[in-house]
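The sequence shown finishes on residue 300 if you use the UniProt record's numbering, and the numbering steps up by one all the way, no holes.
Don't read these hints as lab results, they were simulated from the structure.
Where hints are given, some of them may not hold.
[To be verified] List of simulated lysine-lysine pairs, BS3-like, C-alpha gap at most 25 Å:
hint : residue 1 : residue 2
1    : LYS244    : LYS155
2    : LYS150    : LYS269
3    : LYS147    : LYS77
[Stated by the list, open to error] With beta-carbon atoms standing in for the labels, derived distance ranges:
hint : residue 1 : residue 2 : range
4    : ALA81     : THR105    : 17 to 25 Å
5    : LEU46     : ARG127    : 22 to 30 Å
6    : ALA81     : ASP277    : 30 to 38 Å
7    : ASP95     : GLU199    : 33 to 41 Å
8    : PRO193    : LYS126    : 39 to 47 Å
9    : LEU39     : ASN203    : 27 to 35 Å
10   : ALA81     : ILE181    : 48 to 56 Å
11   : ASN238    : LYS145    : 29 to 37 Å
Beta carbons are placed, not taken as given, at the ideal position from N, Cα and C, and that holds for glycine.
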Amino acid sequence: MDQFHLIIVTGMSGAGKSQAVQALEDMGYFCIDNIPPVLIPKFAELCMKGGERVRHVALIADIRGGEFFDAMSQSLKELKAQGVSYEIVFIEASDQTLVRRYKETRRLHPLAPHSRLSQGIAEERKRLESLRKHADFIIDTTNLKPKQLKELLVKKYAISEGRKGMNVTVVSFGFKHGMPIDADIVEDVRFLPNPFYIEEYRNKSGRVPAVREYVESFPISATFKEKWFDMIDFLLPNYEREGKSQLVIAVGCTGGMHRSVCMAEALYKHLKETGVDVSIEHRDLYKNDVEEDAPGYEGM
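Make a model of the complete structure from these sequences and hints.
Written as structure tokens, this is what we have:
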């Protein structure tokens, strides 16, 4: 029988916690929504005695728990004392995205039933700050569709007796929008020739063949790719040997539209061809004025 494993899904209201738990439920997890944190240790104890049906459990514990939410720290200590294997998945999104989602659904924020929505979001971020620091897996759903969120969770938490190895996520980003907070490796490609200064490429993404060919046409690009791929190929098995289950490789340029996208796609293709369990995300691509993307791609 597999060891009991608990996933605690928490994070910002409106960020997609319910969608995350639904995805886990589809994978075979026994799921509970909005459980008061003070009850988690007892619930885990019961599940551990419940047999195979509740070997894999996921639950949501969030700000809706009110005063009970303050008991989360103590509950986590009790889980450790019980020897319970658990992971904290923290779901978040930008303030702008959360405001838009609340306005679309016309729901009230749990911390702002009679005040401005922005005030409730700010207060929630403040209350969740310490818990976020202890998260094992942080997912920013700002630019993720529900399908993409599910794919991330399936890659990391799919129930399989043979599920081993490390999942790699390649993320392109723009330095002017800030570095990804969950990046394990950050590569700065701002030294490569910039298509932004070529009029015909300025509003085309790094996934457009002509833009990619321009960036890769320079000797410095070929030399960089060779050395970079060689380094990554060396690092991955060593990270995996140390027990790392997820690795985020962030590739940054100025705006996150041309060079970082191009190089991220190149690394993704390389890792895919070598059999690595890899996914790709272009975090800041559509924060730019993109008039043309590669055929078959949708905005993230």
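Tested hints:
{"no.": "1", "hint": "LYS244 <-> LYS155", "result": "holds, 14 Å"}
{"no.": "2", "hint": "LYS150 <-> LYS269", "result": "holds, 21 Å"}
{"no.": "3", "hint": "LYS147 <-> LYS77", "result": "violated, 34 Å"}
{"no.": "4", "hint": "ALA81 <-> THR105: 17 to 25 Å", "result": "violated, 39 Å"}
{"no.": "5", "hint": "LEU46 <-> ARG127: 22 to 30 Å", "result": "holds, 28 Å"}
{"no.": "6", "hint": "ALA81 <-> ASP277: 30 to 38 Å", "result": "holds, 34 Å"}
{"no.": "7", "hint": "ASP95 <-> GLU199: 33 to 41 Å", "result": "holds, 35 Å"}
{"no.": "8", "hint": "PRO193 <-> LYS126: 39 to 47 Å", "result": "holds, 43 Å"}
{"no.": "9", "hint": "LEU39 <-> ASN203: 27 to 35 Å", "result": "violated, 53 Å"}
{"no.": "10", "hint": "ALA81 <-> ILE181: 48 to 56 Å", "result": "violated, 30 Å"}
{"no.": "11", "hint": "ASN238 <-> LYS145: 29 to 37 Å", "result": "holds, 34 Å"}
Going through the hint list in order, the structure does not satisfy hints 3, 4, 9 and 10.
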